[in-house]
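Visitor: Fit chain L to the known structure of chain P by using the hints.
Protein sequences appear in the order of chains P and L.
Taking the numbering used here, the leading residue of the first sequence gets 552, the next gets one more, and so forth.
Taking the numbering used here, the leading residue of the second sequence gets 13, the next gets one more, and so forth.
A hint or two may mislead.
[Unchecked claim] Partial list, computed: chain L residues near chain P (C-beta under 7 Å):
1) A92
2) F113
3) H124
4) R126
5) E268
[Said to hold, decoys possible] Label-pair distances were calculated between CB atoms; the ranges are:
6) P:A934 with L:N118: 30 to 40 Å
7) P:S895 with L:I80: 52 to 62 Å
8) L:N118 with P:G910: 50 to 60 Å
9) L:I80 with P:G632: 45 to 55 Å
10) P:S726 with L:K219: 31 to 41 Å
11) P:A940 with L:P79: 36 to 46 Å
12) P:E951 with L:E41: 21 to 31 Å
13) L:E41 with P:G936: 43 to 53 Å
14) P:K865 with L:P44: 49 to 59 Å
15) L:F306 with P:A934: 48 to 58 Å
16) P:K927 with L:S302: 48 to 58 Å
Calculated from the structure, these hints are not laboratory results.
Built from N, CA and C at the ideal position, the CB exists for glycine as well.
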Amino acid sequence: VRKDAHTDCSTQENADLSPQSTAVSPKTSAKSGSKNNGTTEPNQSPVASALLTKEQKLEMLMHLYLARYFDVRLIKEKKKGRLTGTLYSSHNQEGIIVGSLYGLQPSDWISPIHRDMPAFFLKDARAGLDNPDRMGMSIEEVCGQVWCKVISPGRARDNWSHIGSKDKRIIHSTSMLAGTIPVAAGAVLADRLNGQNTVVLTYNGEGSTAQGVFHEAVNFAAVHKLPVITIIENNQWAYGTPTHLEYSLEDFARRADGYGIPGLVADGQDMFDVYDKVMWACDYARAGNGPSIIECKTFRAYGHGDHDDDRAAKYRPKDLVDKGRERDPIAVAKRRLVAEGILSQADADKYSPEGKGAGQVSDEDFPANVVAYLKKGVDAAIAAGLPAAEEGGKWVFREESN
Amino acid sequence: MATMTKAPATSTKKDYLTAIKEALVEEMERNPDMICMGEDIGLLGGAFGVTDGLQERFGSQRVYDMPISEAAIIGVAVGAAMNGKTVMAEMQFIDFISCGFDQIVNNMATYHYRTGGEVALNIVVRGPAGAYGGGALYHSQMNEAWFAHSPGLKVVVPSTPYDAKGLMKAALRDPNPVLYYDLKQLYRLREIAEELPEEDYIVPIGKAAIRQEGTDLTLITYGQNVYHCLDAAKKLGEQGYSVEVIDLRSLVPLDEETIVNSVKKTNRVVVVNEAPKTCGFAGEVVARISDLAFEYLDAPPVRVTRMDTPVPWSKPLELFVLPTVDKIVAECLRVLKF
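If we strip away everything but chain P, and leave its shape as in the complex, we get (with noise of 0.2 Å):
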């Protein structure tokens, strides 16, 4: 089945497959393919990625710096006191959004939510970052969200990322974790009704696969295999509680064993292996075979927010942190494009944000467009105006009626 469902999947072996980058572990795949209801999952490693073009895999690249540059630059806003509100860093998980965005068709759907704020406008980024027609949103209206200004898409109403988009495709979130599994369930049920072929993306930490809803919102897509695709973002802390004592067992993919559904760990530090995983589960969907399961594996960076930064470490020790940020996911990319001769070691070099804390790092550690292109966005938040105080009193109902 996983042959019909991915022929474009070539046998080619991945170049950077570090011992924690096995794409499935051995045990989940051969337990769920016996026991899985005509189900199934890949065997060895699928490496959609093999099929990418060399500029194709630079773009990867460039969407990692760009994610990670915003990133700083937001945490260092924040510091000036430019920003209110909360940050929640996305630093060290980049290659998740990045790996698990770039292959998506512009009319697939997005749920994300506080930690993947850069998939907001990296969405459908292959159609061109500065194409107003294309199916994510534009930077200047992801900062005009950050800045807390009208020119946000929700106009300012709720606070960083939860913001979205009906026409783009991106579904708007709250702060009830994996309260959005559901809305993604009924968007693409309705896409289906109207003959449409679409998938969604959920993104969702560990912790959030604790709540109920996950379970009811997984469970409903799998019985009416709907394509749902489950991204864990396994960053090893729900805040300040460790994986330990939110799930009983190592891989939180195994929570779809109990769905009858696919359930693949990926490296989420190499956002090719990312890639890999999310494309098997896009054409598993595609072909109607409904929902899956992608645990990521990578590492929470900084503390849970912003505000939570100078407390971390009281739960989390330093060493532990230098350990779980080690293996940084730019340069986990850079390595592999190396080492297949698409990136010249020196080029590798020119731009080294990787293991740099926001502190350390300036904007010569990033290619000059993507500098450019965070400061459009920021530059049209800080001109932009705040909101009309009564619009707070604004759209409670609908007043039109259908």
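Guide: Chain L in isolation, oriented as in the chain P frame:
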């Protein structure tokens, strides 16, 4: 209240349940983008038969038998509605809505607001509600105040077959989420069955109905308490008092105009609801009257509600805590003689 008996098959009068069902069938016919989701609503036709025959007629891709997952029912409805569908989401009993509470108050209710008007959700969440049937704690609730307290939700409580059909149609055409309370004790009540118009009609959301005109006191209520209030008005009439009975029908939005006009006329008011007293909707009605018509009052506005208890099972216990005709009459007399 009269005991529950089925309408005879020969009658062309429609009972309350049939009225809801007709509204669903007609709207499913009218709107190809409408779907229904709920527990046991397809093959079985619903615990009470409200959706009987619906799946047979419209197929399993429009009428979904859902897992026992109220949060998923609401959440999936939100996603489908966000993407252009109209959804009727049934709670098997309105008591069970608490299992989907977060999806309703934080997700569905706020969607239009937090998207700055971008997304409007055409969803009706409905389910059998109300006490007086020996349903005990978890099959008797009226929890409308939870949702009236959550900005972004409209709340309707029909008391007649005509309103049940007309409000359901209005709700299914409203671009906002609507909480719709079916009164399960009224479903098959023969005494309230009535002829329904052949032609398409709606009952506009936000308009109260004056069920009986009067000049001495206004009874304001909704749902099955309408019938308790009409009985109380009759008894008071026998004692020479002319009592007006207002059936709110919609709690959100609230028809303040009808309320205020009546209070201006009668100068005395008693508000009745079967939910608990503290923070119940009757309290809200009293507060609005204080805001808008205080100078017209000749007596304190009074509430008759359930005691601040759950709904117990055994009949004497149940009637002890709930509003009854006798309790309403007694409170009206207190206000009339103030």
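Visitor: Now tell me if each hint is right for this structure.
Guide: Hints versus structure:
no.	hint	in the structure
1	A92	holds (4 Å)
2	F113	violated (11 Å)
3	H124	holds (5 Å)
4	R126	holds (4 Å)
5	E268	violated (16 Å)
6	P:A934 with L:N118: 30 to 40 Å	holds (33 Å)
7	P:S895 with L:I80: 52 to 62 Å	holds (59 Å)
8	L:N118 with P:G910: 50 to 60 Å	violated (36 Å)
9	L:I80 with P:G632: 45 to 55 Å	holds (50 Å)
10	P:S726 with L:K219: 31 to 41 Å	holds (36 Å)
11	P:A940 with L:P79: 36 to 46 Å	holds (45 Å)
12	P:E951 with L:E41: 21 to 31 Å	holds (23 Å)
13	L:E41 with P:G936: 43 to 53 Å	holds (48 Å)
14	P:K865 with L:P44: 49 to 59 Å	holds (57 Å)
15	L:F306 with P:A934: 48 to 58 Å	holds (50 Å)
16	P:K927 with L:S302: 48 to 58 Å	holds (55 Å)
Hint violations for this structure: numbers 2, 5, 8, all remaining hints satisfied.
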